[in-house]
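**Q** This is what each chain is made of:
There are 2 protein chains.
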Amino acid sequence: MIQLSIIGSGNVAQHLISAFLQAQKSGAAIELVQVYSRKPESLAYLLDAATITNDFHALRPADLYLIAVSDDAIASVTAQLPFSHRLVAHTSGSRNLEELQDNNRKGVFYPLQTFSKSRAVNYNEVPICLEAQNTSDYELLEKVAKSISNKTFAIDSEQRKALHVAAVFVNNFVNHLYQIGNAICKEHQVPFDILKPLIKETAEKVMTLAPSEAQTGPAKRADQKTIEQHQEFLTDANQRKIYETLTQSILDHGKKL
Amino acid sequence: MIQLSIIGSGNVAQHLISAFLQAQKSGAAIELVQVYSRKPESLAYLLDAATITNDFHALRPADLYLIAVSDDAIASVTAQLPFSHRLVAHTSGSRNLEELQDNNRKGVFYPLQTFSKSRAVNYNEVPICLEAQNTSDYELLEKVAKSISNKTFAIDSEQRKALHVAAVFVNNFVNHLYQIGNAICKEHQVPFDILKPLIKETAEKVMTLAPSEAQTGPAKRADQKTIEQHQEFLTDANQRKIYETLTQSILDHGKKL
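Each protein sequence line maps, in turn, to chains G and X. So for the first sequence, my numbering puts the first residue at 1; every next one is plus one. So for the second sequence, my numbering puts the first residue at 1; every next one is plus one.
Keep in mind that a hint or two might mislead.
The list treats identical chains as interchangeable, and a pair is accepted whether it falls inside one copy or across any two copies.
[Stated by the list, open to error] The calculated DSS-like cross-link candidates involving lysine-lysine, where the alpha carbons are at most 30 Å apart (straight line), are:
hint, residue 1, residue 2
1, K255, K220
2, K39, K146
3, K151, K220
4, K186, K143
5, K241, K196
6, K220, K117
7, K117, K39
8, K225, K117
9, K255, K241
10, K39, K225
11, K241, K220
12, K117, K143
13, K151, K186
14, K241, K25
15, K200, K220
16, K146, K25
17, K241, K225
18, K200, K186
19, K39, K25
20, K200, K25
21, K196, K151
22, K255, K117
23, K186, K225
24, K196, K25
25, K143, K200
26, K255, K39
Rather than coming from a laboratory, the hints here were simulated on the basis of the structure. On a predicted model such as this, the values are computed, not experimentally measured, just so you know.
Assemble the whole structure, with the sequences as input and the hints as a guide.
**A** Below you can see the structure in the form of structure tokens.
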């Protein structure tokens with residue numbers, strides 16, 4: 001039985017906690033022994049009070065401490081851990097293994113998904129990117145990860161940085177484009193709902209086609225007439241700038257082929 | 001029984017033809033009487049030769065002619081139709097009703113979806129945006145649209161232009177961001193597959209949440225440290241330009257709230 005503690009109570013922490021509680025119920029060989037939170041009340045809906053502490057010195061021995069706090073807090077939180085030689089892993093996509101303090105063994109346990117408080121996630125499908133300093137720690141991380149997900153990957157800090165940047169493009173920026181699409185619809189009294197099947201199919205397409213094969217539209221066709229009509233249509237300077245930047249990039253990609 | 005002819009043999013035409021053939025089989029009150037194609041052989045896999053013509057003068061009477069050709073060809077194709085006072089509708093998102101010649105009654109039948117030759121589409125879920133010059137023509141378009149889709153909308157030419165621009169943002173540009181994500185993964189030997197659950201969830205999220213609520217990431221948090229790390233990480237000038245343009249837009253949106 002692997003004993004596990006989680007430090008943090010934000011979005012990522014809460015989704016991890018419920019995934020591990022579910023795994024425990026289903027008979028996985030892991031036990032969530034404790035959660036550290038500065039605000040224990042925020043976890044009351046998930047855990048009974050005895051499992052939550054707001055005192056680092058009350059942390060009991062465990063095989064793994066998962067640090068699910070904001071990126072900037074990783075260093076200071078791990079500096080406060082009053083023990084050493086134990087396995088401590090952060091859950092950040094953008095920080096190195098070295099962000100963790102030297103007194104403990106280091107690991108990374110990065111679930112690559114977008115987590116919102118108001119939305120359940122099927123953790124089975126969440127890729128978990130793992131890194132450790134030695135094989136036995138890696139194997140432990142892998143066992144823990146496999147208890148909640150079918151998809152685990154060995155990813156070093158440099159690769160993780162690439163994944164994190166790529167994730168910003170395919171998630172943060174994509175969602176921002178949805179927001180602009182929504183704004184254009186609102187301005188012209190068209191329901192955003194009309195675009196939803198297109199949004200879904202656009203994502204579905206790249207599950208099987210390479211993005212370069214799936215590309216369509218006026219920029220892909222170098223259809224200058226439609227591009228100019230769109231530029232005229234967009235009165236918002238910021239929307240036009242994004243339109244022009246991305247159109248130019250698609251045109252340039254076309255030329256390279 | 002509504003009699004229908006399709007003019008064109010590209011992506012949109014082929015998807016429409018197979019949707020109408022299926023509707024016909026399922027007993028819908030429509031009949032696909034004829035298809036015009038300059039290259040009849042490209043449709044041989046869908047239709048028998050008697051149903052295809054490459055001569056405008058051989059077009060038989062029909063209640064509706066759907067023009068599914070490239071945007072730039074709409075005017076010249078409809079100018080060649082050797083009849084008048086019949087209902088002719090184009091299928092373009094970016095062109096006005098007026099693009100059609102005056103000798104026939106005009107309509108628009110715009111299926112808002114991304115069509116690829118290599119991928120089947122569930123037409124039931126494709127929103128069809130309709131426009132006509134009078135009520136009876138609109139009702140006919142609606143009957144035809146409802147034979148293949150559950151989602152029909154009355155959309156005038158100005159609204160359709162807005163939808164088409166918005167579709168460029170949520171489809172063409174989004175797919176291009178997938179392409180950049182893929183390129184970053186390739187460069188750093190990370191499988192693009194790791195990003196696929198994120199891509200799917202990003203699209204799924206806005207089915208129920210407003211895009212502004214679904215936004216996450218360093219720009220949303222105004223996390224300058226991570227933003228700077230990403231800028232340093234990106235060595236490709238074009239990728240960095242897109243990163244900076246979209247990050248600035250998310251930061252500016254945050255300030256407006």
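**Q** None of the hints should be skipped; say for each whether it holds.
**A** A quick look at each hint next to the structure:
| no. | hint | result |
| --- | --- | --- |
| 1 | K255 - K220 | within (10 Å within a copy, 33 Å between copies) |
| 2 | K39 - K146 | within (29 Å within a copy, 54 Å between copies) |
| 3 | K151 - K220 | between (34 Å within a copy, 28 Å between copies) |
| 4 | K186 - K143 | between (48 Å within a copy, 28 Å between copies) |
| 5 | K241 - K196 | both (24 Å within a copy, 28 Å between copies) |
| 6 | K220 - K117 | between (37 Å within a copy, 16 Å between copies) |
| 7 | K117 - K39 | within (16 Å within a copy, 54 Å between copies) |
| 8 | K225 - K117 | between (44 Å within a copy, 24 Å between copies) |
| 9 | K255 - K241 | both (21 Å within a copy, 18 Å between copies) |
| 10 | K39 - K225 | between (57 Å within a copy, 26 Å between copies) |
| 11 | K241 - K220 | both (18 Å within a copy, 19 Å between copies) |
| 12 | K117 - K143 | within (26 Å within a copy, 43 Å between copies) |
| 13 | K151 - K186 | between (39 Å within a copy, 19 Å between copies) |
| 14 | K241 - K25 | neither (51 Å within a copy, 48 Å between copies) |
| 15 | K200 - K220 | both (20 Å within a copy, 23 Å between copies) |
| 16 | K146 - K25 | within (15 Å within a copy, 48 Å between copies) |
| 17 | K241 - K225 | both (18 Å within a copy, 25 Å between copies) |
| 18 | K200 - K186 | both (20 Å within a copy, 24 Å between copies) |
| 19 | K39 - K25 | within (25 Å within a copy, 62 Å between copies) |
| 20 | K200 - K25 | between (33 Å within a copy, 28 Å between copies) |
| 21 | K196 - K151 | both (28 Å within a copy, 12 Å between copies) |
| 22 | K255 - K117 | between (43 Å within a copy, 22 Å between copies) |
| 23 | K186 - K225 | within (25 Å within a copy, 34 Å between copies) |
| 24 | K196 - K25 | between (36 Å within a copy, 28 Å between copies) |
| 25 | K143 - K200 | between (33 Å within a copy, 26 Å between copies) |
| 26 | K255 - K39 | between (55 Å within a copy, 28 Å between copies) |
Violation of the numbered hints given earlier is confined to hint 14; every other hint is satisfied by the structure.
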